[in-house]
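Trainee: Sequence:
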Amino acid sequence: MRITLMTVHIFTGGLGLLSGFVALYAAKGAKLHRASGTVFVYSMVTMAMLGVAIAALWGRAASVNVPAGLLTTYLVITSLTTVTPTHPSRRTHVALLLVALAVAAAMLWLGIGTILRGKSSAFVAPAFIFAAVALLGGAGDVRVLRSGALTGGRRLARHLWRMSAALMIASLSFSVRLPRILPAPLRTPVVYSLPTLAVLGTMIYWLWRVRSRQSRRGRVALPRADALATGAV
39 MRITLMTVHI FTGGLGLLSG FVALYAAKGA KLHRASGTVF VYSMVTMAML
89 GVAIAALWGR AASVNVPAGL LTTYLVITSL TTVTPTHPSR RTHVALLLVA
139 LAVAAAMLWL GIGTILRGKS SAFVAPAFIF AAVALLGGAG DVRVLRSGAL
189 TGGRRLARHL WRMSAALMIA SLSFSVRLPR ILPAPLRTPV VYSLPTLAVL
239 GTMIYWLWRV RSRQSRRGRV ALPRADALAT GAV
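Residues in the sequence shown are numbered from 39 upward in steps of one, following my numbering.
Everything labelled a hint here was simulated from the structure, so no lab data went into it.
All the pointers check out, no bait thrown in.
Between beta-carbon pairs, the in silico distance windows are:
1. L136 x K66: 29 to 35 Å
2. V60 x A170: 25 to 31 Å
3. S231 x V121: 25 to 31 Å
4. I167 x W96: 22 to 28 Å
5. V46 x L245: 30 to 36 Å
6. R184 x V46: 35 to 41 Å
7. P123 x A143: 32 to 38 Å
8. V121 x A177: 16 to 22 Å
9. R184 x V121: 18 to 24 Å
10. W96 x A64: 33 to 39 Å
11. V228 x A177: 30 to 36 Å
Capping the alpha-carbon separation at 20 Å, the derived lysine to any residue pairs in SDA-like fashion look like this:
12. K66 x L188
13. K66 x V121
14. K66 x A195
15. K66 x G190
16. K66 x W244
17. K69 x W244
18. K66 x Q252
19. K69 x T119
20. K69 x P123
21. K66 x M241
22. K66 x R192
23. K66 x T76
24. K66 x L245
25. K66 x T119
26. K66 x P123
27. K157 x S101
28. K66 x R251
29. K66 x R193
30. K69 x L53
31. K157 x L146
32. K66 x T189
33. K66 x T122
34. K66 x G191
Note that the Cβ used here is the ideal one computed from N, Cα and C, for glycine as well.
Please build the complete structure, drawing on both the sequences and the hints.
Mentor: Structure below.
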C-alpha cells in the first residue's frame with residue numbers, strides 16, 4: 039500500500055509541477071491556461087493530501103510534511119474559490135481560515151521550539167516561511183469575511199499569489215530531490231533553486247501587471263469622474 043501511495047504521490051506531484059508551470063506562463067484566461075489550471079488543482083490536491091497521509095502513517099518528517107501538505111491544499115482551494123462563479127459559503131471560508139491558522143501555529147511551534155532547544159535543523163527556515171505564508175493567507179481570508187468577495191485586480195492578485203505559492207512549495211519539494219537525479223557538475227545550490235526562483239519571479243511579474251493595469255484604470259477613471267462632477271455643477 040505504501041508503495042502504491044508513493045507512486046501516485048510522485049506521479050501527481052510531477053503532473054502538478056508540469057501543469058502549474060504551463061498555467062503560470064500561459065496567457066491568462068486563455069483555453070490553455072484554464073485547462074492546465076484545472077489539471078493543476080486536481081493533481082496538487084491529490085499530491086498534497088497523499089503526502090499528508092504518507093507522513094502521518096509512516097512518519098516521514100511528519101512535523102513538517104503534514105502542515106506543508108495542508109498548506110498546499112489550502113492555497114490551491116482558496117485560489118480556486120476566488121475565481122469560481124459561485125462564491126463559497128461563510129462556513130467554508132471559516133473552515134479554510136482555521137486550516138491556515140492551524141498550519142501557522144504548527145510551523146511556529148516547530149521553528150521556535152527547535153531554536154529554544156538549541157538544535158540546528160534544516161526545517162527551521164522553511165517552518166517560519168510556511169508560517170508566514172499561512173498567516174498572510176489567513177489575513178486575506180479575514181478581509182474577505184469582513185468585506186465580502188473581492189473584485190477586479192484584488193481578486194486576480196489573490197488567485198495569482200496563492201496558486202504561485204502552492205507551486206513554489208511543490209517546486210521546493212522537487213528541488214530537494216534534484217541531487218539524486220542531476221549529474222555531478224549540476225549539483226549546486228544555484229541549480230537547485232532555479233525552479234523556485236522561476237515561480238517567484240513570474241509571480242512577481244504577474245502581480246505587477248495586475249497592479250499596474252489597475253493603476254492605469256484608476257488614472258483614467260479620475261478625470262472622467264472630475265469631468266462629470268464639473269458638468270453637474
